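S.K.: Chain order of the listed sequences is A and B.
Heads up: the first sequence is residues 1 to 159, going by this note's numbering.
Heads up: the second sequence is residues 160 to 402, going by this note's numbering.
Simulated from the structure, these hints should not be mistaken for lab results.
Every value quoted in this text rests on a predicted model; they were computed, and no experiment measured them.
Among the clues, some could well be false.
[To be verified] Result set (SDA-like, lysine to any residue): computed pairs, CA atoms no more than 25 Å apart in a straight line:
no., chain 1, residue 1, chain 2, residue 2
1, B, Lys243, B, Glu182
2, A, Lys85, A, Lys138
3, A, Lys4, B, Lys354
4, A, Lys4, B, Ser397
5, A, Lys123, B, Gly374
6, A, Lys123, B, Gly338
7, A, Lys100, B, Leu165
8, B, Lys278, A, Val104
9, A, Lys123, B, Tyr187
10, B, Lys396, A, Ile30
11, A, Lys95, B, Glu182
12, A, Lys123, B, Ala345
13, A, Lys85, A, Ile30
14, A, Lys123, B, Phe315
15, B, Lys278, A, Lys11
16, A, Lys123, B, Glu313
17, A, Lys95, B, Gly338
18, A, Lys11, A, Lys29
19, B, Lys278, A, Ile30
20, A, Lys123, B, Leu325
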Amino acid sequence: MDIKEIQNLIKFVAKSGASEVKLEMDDIKITIKTGGEERDTTTFVQQIPMSAPVAQTVAPAASAPTTAAPASATSEDNSKFITIKSPIIGTFYRKPSPDKPVFVEVGKSIKEGDVLCVIEAMKLFNEIESEVSGKIVKILVDDSSPVEYDQPLFLVDPS
Amino acid sequence: MRIIKLNAIDSTNSFLRQMSAEEAVKDYTVVVTNYQTNGRGQMGTHWNSEDSKNLMFSVFKDVSFVNIDQHFYISITVALSILKALQEFNIKKLKIKWPNDILSENKKIAGILIENVIKQNQLQGSIIGVGLNVNQTEFENLPNASSLKLLSGEHFNLDELLQVILKHLKMNFEILKSGNFQALKADYEELLFRKNKPSTFKNAEGHLFSGFIIGVSNSGCLKVQLEDQIIKEFDLKSISLLY
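Work out the full structure: start from the sequences and follow the hints.
M.R.: In structure tokens form, the structure reads like this:
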């Protein structure tokens, strides 16, 4: 779980109005308390057992869908989906140009090598090709909005 | 090197992209046309040109040796190559307006549209589209546009221009491949329009401010020196230069 996902989680908890959320995954335990008016006690603890250092590298893949899950307010298991992330900082475009149709829609089947989106940075237009085949489950970013490095863009069901 | 000449096409970039999706395209495959029916500029803007008067071409370049963090260096390499080629034809006061417009005597004479393909977080191919105003002499409603003929009074051979530009592209991509980023960047910065001159900029909120362009960052942001020697980096969305 990286710092960005933790930040997103904190934001989500703060918005939800809950006063305390405890989350335990394989090797990570996080407690977020949204304090009263007097002070903002947002704390988190990340525990990595010495005995299982390998588990840490597994965690990020599983944790991205976990943060997305509360937003859709269902208990559906997103871990079987693959998250496609932005390789660069830039602006996310779903169309090759404003008067053209979008590259992909939710529900559309894609195959490896299909263009999913364009990320523009400093007038360089980068077409992002899919590394997987499957079906688009969710598009996580709006057209023409800025994206950060490693920000999740698409959820793909590879099955 | 393969050069494909077409009388007319919607867009040389689109043609080459389509071709590269269908077959393995060789490095430096060039598509050149006399006329584009749907020439593209940045993100949907149009690039219009009179028939057979200007140089419009796209080059396919293998850029798999460029790290994704350094993709702005493709832009630097291309802009430099065009400018250096035009210097050979004695075009005067050539400058690069950040990030990649080519100016002569403060007028835009060439535009560049670079489209990269990224797969598995790695750059694969780059489709480099260039539109150069050569023998066209009328630019209706485009006060900032000009052409080689308007600037020099001479008529230019389009094939010859293309060959010289390709020569410089190859030379500069060799420098890029050898890893000498700093040489390319230093050249590029030296040729930046309004470098070290007091300039006025507009930020995303529409406010005007002044500063000096001093260079670019590795990611392509414009470095501007503000009051009190503060140096700030701006991306394309957060700044525009007034001139």
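S.K.: Hint by hint, note whether the structure agrees.
M.R.: Structure-based check of all given hints:
| no. | hint | result |
| --- | --- | --- |
| 1 | B:Lys243 <-> B:Glu182 | 32 Å, violated |
| 2 | A:Lys85 <-> A:Lys138 | 13 Å, holds |
| 3 | A:Lys4 <-> B:Lys354 | 37 Å, violated |
| 4 | A:Lys4 <-> B:Ser397 | 23 Å, holds |
| 5 | A:Lys123 <-> B:Gly374 | 17 Å, holds |
| 6 | A:Lys123 <-> B:Gly338 | 23 Å, holds |
| 7 | A:Lys100 <-> B:Leu165 | 24 Å, holds |
| 8 | B:Lys278 <-> A:Val104 | 17 Å, holds |
| 9 | A:Lys123 <-> B:Tyr187 | 21 Å, holds |
| 10 | B:Lys396 <-> A:Ile30 | 37 Å, violated |
| 11 | A:Lys95 <-> B:Glu182 | 23 Å, holds |
| 12 | A:Lys123 <-> B:Ala345 | 20 Å, holds |
| 13 | A:Lys85 <-> A:Ile30 | 24 Å, holds |
| 14 | A:Lys123 <-> B:Phe315 | 29 Å, violated |
| 15 | B:Lys278 <-> A:Lys11 | 32 Å, violated |
| 16 | A:Lys123 <-> B:Glu313 | 32 Å, violated |
| 17 | A:Lys95 <-> B:Gly338 | 34 Å, violated |
| 18 | A:Lys11 <-> A:Lys29 | 17 Å, holds |
| 19 | B:Lys278 <-> A:Ile30 | 34 Å, violated |
| 20 | A:Lys123 <-> B:Leu325 | 21 Å, holds |
In this structure, the hints that do not hold are numbers 1, 3, 10, 14, 15, 16, 17, 19, in rising order.
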